[in-house]
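Following the hints, complete the assembly by docking chain L onto the known chain Y.
Protein chains: 2
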Amino acid sequence: MSLRCSVVLTTRLDTARIQAARRIIDPVFLHTPLYRCESLEPELGCAVSIKLETANPVRSFKGRGTELVASRLAEVGPPAVVCASAGNLGQALAWSGRGRGLDVTVVATRHATVAKLDRIRALGATLELVDGDHELARDRAAAIARQRGIRLFEDSLDIETCEGAATIGLELVDDPQSFDTVLVALGGGALATGVGHVLKELAPDVEVLCVQPLGAPAMTRSWHQRRVVTTESTNTIADGVAGRRPIPAVLDDLLVVADDAVLVRETSIIAGMRLLLDHAGLVAEPSAALGIAALLEDPDRFAGRHVVTVVCGSNVDATAYHRWVRPTRGRGW
Amino acid sequence: MSLRCSVVLTTRLDTARIQAARRIIDPVFLHTPLYRCESLEPELGCAVSIKLETANPVRSFKGRGTELVASRLAEVGPPAVVCASAGNLGQALAWSGRGRGLDVTVVATRHATVAKLDRIRALGATLELVDGDHELARDRAAAIARQRGIRLFEDSLDIETCEGAATIGLELVDDPQSFDTVLVALGGGALATGVGHVLKELAPDVEVLCVQPLGAPAMTRSWHQRRVVTTESTNTIADGVAGRRPIPAVLDDLLVVADDAVLVRETSIIAGMRLLLDHAGLVAEPSAALGIAALLEDPDRFAGRHVVTVVCGSNVDATAYHRWVRPTRGRGW
Chain Y
265 MSLRCSVVLT TRLDTARIQA ARRIIDPVFL HTPLYRCESL EPELGCAVSI
315 KLETANPVRS FKGRGTELVA SRLAEVGPPA VVCASAGNLG QALAWSGRGR
365 GLDVTVVATR HATVAKLDRI RALGATLELV DGDHELARDR AAAIARQRGI
415 RLFEDSLDIE TCEGAATIGL ELVDDPQSFD TVLVALGGGA LATGVGHVLK
465 ELAPDVEVLC VQPLGAPAMT RSWHQRRVVT TESTNTIADG VAGRRPIPAV
515 LDDLLVVADD AVLVRETSII AGMRLLLDHA GLVAEPSAAL GIAALLEDPD
565 RFAGRHVVTV VCGSNVDATA YHRWVRPTRG RGW
Chain L
265 MSLRCSVVLT TRLDTARIQA ARRIIDPVFL HTPLYRCESL EPELGCAVSI
315 KLETANPVRS FKGRGTELVA SRLAEVGPPA VVCASAGNLG QALAWSGRGR
365 GLDVTVVATR HATVAKLDRI RALGATLELV DGDHELARDR AAAIARQRGI
415 RLFEDSLDIE TCEGAATIGL ELVDDPQSFD TVLVALGGGA LATGVGHVLK
465 ELAPDVEVLC VQPLGAPAMT RSWHQRRVVT TESTNTIADG VAGRRPIPAV
515 LDDLLVVADD AVLVRETSII AGMRLLLDHA GLVAEPSAAL GIAALLEDPD
565 RFAGRHVVTV VCGSNVDATA YHRWVRPTRG RGW
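Chains Y and L, in that order, give the protein sequences. Every letter in the first sequence is one number past the one before it in this note's numbering, and letter 22, counting from 1, is 286. Every letter in the second sequence is one number past the one before it in this note's numbering, and letter 283, counting from 1, is 547.
Same shape as in the complex, but just chain Y:
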């Protein structure tokens, strides 16, 4: 890793711009809790800190990025924007756009988490549903942007999404604690490349470990093969990271900043959500439990280390969530 550190980072991100972003983003999304969570540690066998991105008006980290784009659109236009979203980006864009008088359209799959769709509508955005998966929603958002001549906002490709996520990295680096590993959910790659860029530039000894579900492995496979690998379908409850077509420019950045990318099973994601609820008092959506899932699957790898996991969202459908976390027989009922 020290060899890698000695070279200048060649990603699309720029640390000075990320630092400047902190002055643009609504403070309600910044300086989120970061704390050691010892009650998780007996089950996980390593020191665990939580970076909590759920205690804000949209219950995910996505507001950091949508604040940047909405602020720029409010200044220089156009005053209308469309994005495809599994639900969290759309909710955050709706929130940031509403406060600035922007016309926001969100395209999502009909199979998305209902609570996310309800919140997008409640925040005043136009919601269009497609009969298909997230990649179809991406295609449809692009078509709408072309037809209407409005801004297409693309998660992970558009630099604001990465810069917003990267401000989490600044907060990790600012903390007086030192970490061995940062666990980040891997989907389109904005969170991983954003956080990873800052860490590799300012704290290069910290391992950046990306975690993706086995049921949606496109970006992880791409990272390992150093070329874009797509998949035919996805099959995971972690809706927030269920892409099939990695974006080449994002993969390029990820190859620079990630130390490793691992895949985890659905049962581990559920166990992770349950552990966060029962031992840390935290609601995590499936994508936000990927880090804990990785710790559960490979305890030897992390033994004796201090890891921080980014709990990146808590938007769940209540019914599904109760089913995931309800105690199984023999666990006290």
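It should be emphasised that the hints constitute simulated quantities derived from the structure, not laboratory data. Each hint should be verified, as a subset may be incorrect.
[To be verified] Away from chain Y, derived, C-beta distances all over 12 Å, residues of chain L:
1. A280
2. D290
3. V292
4. T296
5. A338
6. L391
7. G396
8. A407
9. T494
10. N499
11. P563
12. D564
13. A567
14. V580
15. A582
[What the hints assert, rightly or not] Ranges between beta-carbon positions, derived for each pair:
16. G396/L <-> R362/Y: 48 to 56 Å
17. S497/L <-> L393/Y: 49 to 57 Å
18. L466/Y <-> R569/L: 43 to 51 Å
19. R569/L <-> R412/Y: 17 to 25 Å
20. R374/Y <-> R587/L: 54 to 62 Å
21. A467/L <-> L393/Y: 39 to 47 Å
22. A567/Y <-> D438/L: 40 to 48 Å
23. D523/Y <-> R385/L: 32 to 40 Å
24. T531/L <-> G341/Y: 30 to 38 Å
Where a beta carbon is used, it is the ideal one built from N, C-alpha and C, also for glycine.
The following block gives chain L in isolation, referenced to the frame of chain Y:
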């Protein structure tokens, strides 16, 4: 209320000391999330903001106060301290004392929340259990302090507990949003008098509304009758506020700073916990759901207002919590 504002506040608290306290308390307990939570609002009929005190190493606001006393003990001694606790104060004192090499003893009732007792032990404190309720634990802690010649740390009576809680008030006042009402859990009174003092001094138009369970009404009855009223017993799941013997000096302060004190039913506390979980993605222990319970019981009182409720703790036993929040028939199962 404007008449009340024109007089100098005559409580045991001092705003300059509270401001100074922020420089002593570990930052992990400060500047906690404060955000509008619109997803709660359709059910509650008013604008609701959350002040979240659970995303820290001890999952309650109590660390703010224990940091103050532990810091002073580490400087001037004695190096040993004992407190009675329903579990949150003891856990926080254990945390603050461990970092400063203090000898911490916690006395609790044998019927306390098991997760709280486990955390007190895990943090290295000596835990002594009594066969009785919280008032017996208070008596026993006082006896230990006399016998061993160590510091007795008394919740709500000792000014550090009130000053620590009062730093929450500073954060509320610092926020650019304006609130009509602040809902605080009422137990011994540290939270209510601390937050109340700051609000009445710096934002006197904000209503300070204390909420206590019908099953543990001693301080609320005392406030209404303007004299100490004790009760024979308590009967509530809100263990964090289940006292029977209000402290006269704390009642005196509460009479100065509280605008009202109300009692809520157990069913409303449970409904509040469920609402916070299902609509806000937040785990609240019963005491931390008292504010939402008050909103549920008297929606007309709050219609059209902007309230902030302090979610003051999330330490629950997993088994009991799952029982409280599990969906009832007809709610999606």
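Hint check:
1. A280: A280/L is indeed farther than 12 Å from all Cβ atoms of chain Y, at 25 Å.
2. D290: violated, 10 Å
3. V292: violated, 5 Å
4. T296: violated, 7 Å
5. A338: Since the minimum Cβ distance to chain Y is about 18 Å, A338/L lies beyond 12 Å and the statement holds.
6. L391: Given a closest Cβ separation of 16 Å, the condition holds.
7. G396: Check passes; 26 Å lies beyond 12 Å.
8. A407: holds, 31 Å
9. T494: Its Cβ never comes within 12 Å of chain Y, the nearest being 33 Å, so this holds.
10. N499: Given a closest Cβ separation of 24 Å, the condition holds.
11. P563: holds, 19 Å
12. D564: holds, 23 Å
13. A567: At roughly 19 Å from the nearest Cβ of chain Y, A567/L sits farther out than 12 Å, so the non-interface label holds.
14. V580: Since the minimum Cβ distance to chain Y is about 7 Å, V580/L lies within 12 Å and the statement is violated.
15. A582: A582/L not clear of chain Y: closest Cβ-Cβ about 4 Å, inside 12 Å.
16. G396/L <-> R362/Y: 48 to 56 Å: At 54 Å between Cβs, range holds.
17. S497/L <-> L393/Y: 49 to 57 Å: With a Cβ separation near 55 Å, S497/L and L393/Y satisfy 49 to 57 Å, so the hint holds.
18. L466/Y <-> R569/L: 43 to 51 Å: Holds: the Cβ-Cβ distance is about 44 Å, inside 43 to 51 Å.
19. R569/L <-> R412/Y: 17 to 25 Å: violated, 40 Å
20. R374/Y <-> R587/L: 54 to 62 Å: Because 35 Å falls outside the window, the suggested range is violated.
21. A467/L <-> L393/Y: 39 to 47 Å: holds, 44 Å
22. A567/Y <-> D438/L: 40 to 48 Å: holds, 42 Å
23. D523/Y <-> R385/L: 32 to 40 Å: Holds, since D523/Y and R385/L (Cβ atoms, about 37 Å apart) stay within the stated range.
24. T531/L <-> G341/Y: 30 to 38 Å: violated, 52 Å
In summary, the structure is inconsistent with hints 2, 3, 4, 14, 15, 19, 20, 24 from the numbered list given earlier, while agreeing with the others.
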